[in-house]
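Produce the complete structure using the sequences and hints provided.
Residue numbering for the sequence shown follows the numbering used here, starting at 1 and increasing by one per position.
No lab work stands behind these hints, which were simulated from the structure alone.
A virtual CB, placed ideally from N, CA and C, is assigned to each residue, including glycine.
Heads up, some of the hints might be wrong.
[To be verified] Calculated lysine to any residue pairs in the SDA-like style (CA-CA distance at most 25 angstroms, straight line): (1) Lys134 - Arg153; (2) Lys3 - Phe127; (3) Lys134 - Asp89; (4) Lys49 - Gly18; (5) Lys49 - Glu26; (6) Lys73 - Glu48; (7) Lys3 - Asp111; (8) Lys106 - Lys191; (9) Lys3 - Asp89; (10) Lys73 - Asp111; (11) Lys106 - Thr151; (12) Lys191 - Thr151; (13) Lys49 - Asp89; (14) Lys49 - Glu66; (15) Lys106 - Gln163; (16) Lys191 - Glu206; (17) Lys134 - Thr151; (18) Lys106 - Val57; (19) Lys134 - Val57; (20) Lys49 - Ser119; (21) Lys134 - Lys73; (22) Lys106 - Met96; (23) Lys49 - Gly123.
[Said to hold, decoys possible] Label-pair distances were calculated between CB atoms; the ranges are: (24) Ala85 - Glu169: 55 to 61 angstroms; (25) Glu108 - Glu173: 54 to 60 angstroms; (26) Asp107 - Gln199: 38 to 44 angstroms.
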Amino acid sequence: MGKIRVVLADDHPLIRQGIVSTVSSEPDLEVVGEAECGDSAIQRCLEEKPDVLVLDVGMPGPNTPEVVRAVQKDSSETRILILTAYDDDTYIRQLMRVGVAGYLLKDEGVDNVVRAIRSIHDGATWFSQAVTEKFVRWQYGQQKEERGQLTQRETEVLHLISQGLENAEIAEELDLAEQTVRNYASSIYEKIGVNSRAQAVVWAMENL
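Okay, structure coming up:
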């Protein structure tokens, strides 16, 4: 099996040299090109068709998502690993949308760069722990937002449930059939992700 061919793009020469030295010392990895800006990263990938592009964020030239798109167009087999000091939510979201295979923070050390290169070359993904934790928070926030999308009538029913009223009492209060109230309650439970009246009351106390 041939070596994993890598292009490294970073506009800080000392950082780039250090990573090149580490990667080149691995028997299964080979650095076939270096780049110091977005345009040269695109050109190196066009010329070398590397297996992996290790790409910094915020280099001179085209913005990073544009570089990713250009490489994906011109060297479609190249998988892209972001290696950066930026852990800003906006950068991460933008680059996830354009399809990078990994996002690694520089403070995690060069040994992880080697592991990440091998991992994404094998078809997996690789994300820093801090980035993974952001994914979890975003997912939780999205689910919570979706769960909170109650209709006005469902909100009224949930408010009365939280006051301790039974279905029959809620039906009388809102001039509804008791079965209709049950239907509303089932819909509410599903939307807010609970399984019981007690859990619904707790959710209402925290969110209404």
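So, going through the hints one by one against the coordinates:
no.: 1; hint: Lys134 - Arg153; verdict: violated, 34 angstroms
no.: 2; hint: Lys3 - Phe127; verdict: holds, 23 angstroms
no.: 3; hint: Lys134 - Asp89; verdict: holds, 8 angstroms
no.: 4; hint: Lys49 - Gly18; verdict: holds, 23 angstroms
no.: 5; hint: Lys49 - Glu26; verdict: holds, 20 angstroms
no.: 6; hint: Lys73 - Glu48; verdict: holds, 14 angstroms
no.: 7; hint: Lys3 - Asp111; verdict: holds, 18 angstroms
no.: 8; hint: Lys106 - Lys191; verdict: violated, 40 angstroms
no.: 9; hint: Lys3 - Asp89; verdict: violated, 34 angstroms
no.: 10; hint: Lys73 - Asp111; verdict: violated, 30 angstroms
no.: 11; hint: Lys106 - Thr151; verdict: violated, 46 angstroms
no.: 12; hint: Lys191 - Thr151; verdict: holds, 10 angstroms
no.: 13; hint: Lys49 - Asp89; verdict: violated, 30 angstroms
no.: 14; hint: Lys49 - Glu66; verdict: holds, 18 angstroms
no.: 15; hint: Lys106 - Gln163; verdict: violated, 52 angstroms
no.: 16; hint: Lys191 - Glu206; verdict: holds, 15 angstroms
no.: 17; hint: Lys134 - Thr151; verdict: violated, 30 angstroms
no.: 18; hint: Lys106 - Val57; verdict: holds, 11 angstroms
no.: 19; hint: Lys134 - Val57; verdict: holds, 18 angstroms
no.: 20; hint: Lys49 - Ser119; verdict: holds, 18 angstroms
no.: 21; hint: Lys134 - Lys73; verdict: violated, 29 angstroms
no.: 22; hint: Lys106 - Met96; verdict: holds, 18 angstroms
no.: 23; hint: Lys49 - Gly123; verdict: holds, 17 angstroms
no.: 24; hint: Ala85 - Glu169: 55 to 61 angstroms; verdict: holds, 59 angstroms
no.: 25; hint: Glu108 - Glu173: 54 to 60 angstroms; verdict: holds, 57 angstroms
no.: 26; hint: Asp107 - Gln199: 38 to 44 angstroms; verdict: holds, 40 angstroms
In summary, the numbered hints that this structure violates are 1, 8, 9, 10, 11, 13, 15, 17, 21.
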